[in-house]
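So the chains spell out like this:
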Amino acid sequence: MDKPFVYIQDLNLGYRNKTVLKNLYWEMNSGESYAIGGKSGTGKTALAKAIASLVPFQGSIEINFDQQNKLPQEVLYVESWYQFKNLEGVANFYYQQRYTSLQANDTLTVHAELVNYGKEKGLHFDRVEPILEALGFATFASSQLIELSSGEHKKLQLVKALWLKPQLLIIDQPYTGLDTASRKNLNTLLDQVAAEGVQLILISNDTELPNSIRSFAEIRDGQLLKVDTLESAAVEIHLREIPDFLKESPVYSTQDIVKMVNVNISYGEKQVLKNINWEIKAGEKWLLQGHNGSGKSTLLSLINGDHPQSYANELYLFGNRRGSGESIWDIKQHIGLISPEFHWYFDPTATVWQSIASGFYDTVGLFQQLPYTKSTQVDELVAYFGLTEEKNELLTALPLGKQRLVLLARTIIKNPELLILDEPCQGLDQQQSKHFNQLVDELCSNGMTLIYVGHFESQLPTCIEKRILLEKGEVKVVESLNTEILS
Amino acid sequence: MANYFNTLPLREKLNQLGVCDFMDSAEFLDGVSALKGKKLVIVGCGAQGLNQGLNLRDSGLDVSYTLRKEAIEGKRDSWKNATENNFTVGTYEELIPNADVVINLTPDKQHTAVVNAIMPLMKEGATLLYSHGFNIVEEGMQIRKDLTVIMVAPKCPGSEVRAEYVRGFGVPTLIAVHPENDPQGKGLAQAKAYCVGTGGHRAGVLRSSFVAEVKSDLMGEQTILCGLLQTGSILSFDKMIEKGIDAGYASKLVQYGVEVITEALKQGGITAMMDRLSNVAKIKAFEISEELKDIMRPLFQKHQDDIMSGEFSRTMMEDWANGDKNLLKWRAETGETAFEKTPAGDVKIGEQEYFDNYTLMVAFVRAGVELAFETMVQAGIKPESAYYESLHETPLIANTIARKKLFEMNRVISDTAEYGCYLFDQACKPLLGDFMKKVDTDLVGKNFNEGKDGAVDNRQLIEVNEAIRSHQVEQIGATLRKAMTAMKAIKTA
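From first to last, the protein sequence lines stand for chains G and D. Quick note: the first sequence, position 405, residue 405 per the UniProt record's numbering, numbers continuous. Quick note: the second sequence, position 144, residue 144 per the UniProt record's numbering, numbers continuous.
Simulated from the structure, these hints should not be mistaken for lab results. Bear in mind that the values here come from a model prediction, so they are computed numbers and not experimental data. For glycine and all other residues, C-beta sits at the position ideal for the given N, C-alpha and C. Honestly, I wouldn't trust all of these hints.
[Unchecked claim] Examples of chain G residues toward chain D, derived with CB under 7 Å:
#1 Pro308
#2 Gln309
#3 Gly325
#4 Glu326
#5 Ile328
#6 Val364
Between the sequences and the hints, there should be enough to build the whole structure, so can you do that?
Take a look at the structure:
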């Protein structure tokens, strides 16, 4: 009998000083494709990285490639989070820097990146073009990597994987940052490569998976167990009462939170926002939607004081014309923000407690001592989010779902007038998203103003009352919503 | 124009060299108010110019850029940098007459021409800001008596100045007021406000003088920062090739090693760097660095002497006048070295391996940092200034070598630094001839601990540790680093 395609014996693996996988045995036969689920923090990513031999482990993992098959005898692991480097190999830009225009052309273009990749892997460039089309990515060929939004980075990563067609393709959270249309197209593409002989392992708790995925497994107590279907993993967080200091209504100095008058933003020839007019009044709860690349992140960067081109536009924030002598710190003081980019570039040396505390000063990392009242508030909030046990751990050591909760806590610690949540549930599964949105509803009930960016109407806070839709940098729809439509 | 420093009596020379005050954060409580509502006009829009301007504007200040007519008409990169970020750009004639503060961020070599062009246009009582004192001190540029002359020098590349600002921090910064040009006594208040505008006040500000800045900056860049890193890198690479180590491995070890090694230096000084070695290797590195210090001391002293007497700047300015003949020739020669021409191999080198297999570089760095620091302090420069210009900047320069080797380092640093670096390198290599003959692959290319049992004599180890830890650069460093602990770690490849 043939050896199994993937044969794991006696695998033991620790993650940041904790054992997560214990004496794990697993066989994946040739022709099979799996979805692997399990609760946050059970070791799904660690297992995937071990199979791709990216992390050290104890035990044995055999991959028995099909010698007859022409596809590359390679295991490709696609990370759930994507880091890119500039030409000089320096990772970790700060996320705001991508809005600054500098002539150095420090990062590669998408096209150049793909040419390099094709050369390195011996792939034909004409084969990548249909993939680019299917994922709606062809228009980004000349974009600098640093200009891409998070969703676009994820797509680039998938494009490469689908182009290479390795015999074993492991994708960690394949749908992160993709909108509904892109998700469907991705499933079709995955089915196509599976038909050509690529075996898939998708790390995901999602239910809308490609048809080629017919086997399921979950990690429980350090073991990988075959299951009939994946159950969405519930997060165990007990809702506690909101700390008193967050029940107080924000003090608004003006009712006009944001006012944009014919705002235009372009990078060289490429116009990313066209004639935007938008007004946000105190206490309103907005949903901001649009396809990947429609200009959502850029629009939000204007509100958060991060975009250098704000100064050339007619933009009013909290009643003041932008560029009338205010500093960006004056603006940020009113706002709590999270976005996938912000999460990427967050200080990797900060603990959970420090991360939350830094929200008082809008800094990435904590650079000062907190007065007693403030540090008590951090403790209260830590307790409210059920993070007390982890408060001295590094933020990056937590599972993704919990990291998001920490950053949510950071955004509300100062009880801001305006909360901006840019795809806060990206990378979270449905249960986690639901829980997250419940928290948002509760926190916003004190009269806070909200801008929420989300793709799926089933995964939104119920407090949303207005919607703005962007399409190719233009406002397509502005409407008031009947909450019943959403629920 | 006469060398300004040489026109001073000894008393005043010592006085200006000795200006050195690590400022308390309470000094910055007035924020940017001394510059609020004033027109700030930046001359030049390269990496420093653009990034400082972005920070100042984001701090609520009024910033515009002035460029030479040719740069505007030719739509050069500096023009694009400024306009695409929505700054007002104009010619000298258009913007300088209304400027309250003119910020000169052009290269050293252009200073005399730039200042001669803008000075007649500046309004009565305005301020001229430099980020380096060369023009004032070495070239002896005389500034109109009604103008205030100050210096604000962020001690990091322009991209870092911006990156640290947007995360809510800043980079260490040096400020100074030129005593010959402070008619209204407002210079210091404006320099402090400028620091707040760029975020520098959060990471530690050192008050210096134009003289102290120039004399220490030149010394640091010529000796430890660029000169010794270049000499050490080339000698190490050539030694490995001579001894049959794989060229790709040797190239990678040298290119990235200095960055990894000096990252420890950045976080915990010479002590932390030496502590990354095993006990046996540490004792060996200590011994050879002592030997290196003895060999190189006269050369370090010669560089400091030539800087103090103005001999260095005189010969370099001769080369400027000669169309940079020497500089260009030496630059070309550096591009032709075997190290430069051998690409880094596709081999994985672990972080610890860079220490274990490159003990020689650890010894070079210790010797160079300590010697530069000692020589500066002996010449009358205060320890805080000497620290910034030696230990603090070494990891920043090492970072440029990791990017694209020595050619990149020499491209990024100023022409002044580059010129001094070549002078040092040419004198240092022959000086180390005999020393290098004794060096084998246990010090460079292979693991020093291999085949040794790791045993050391307690008393010897204690003495070595004591000597490393009690050096003055370590004591002053511990204080200054506390102020900038939050600076992000340089990423390694």
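Results of checking the hints against the structure:
no., hint, verdict
1, Pro308, "4 Å, holds"
2, Gln309, "5 Å, holds"
3, Gly325, "5 Å, holds"
4, Glu326, "5 Å, holds"
5, Ile328, "4 Å, holds"
6, Val364, "4 Å, holds"
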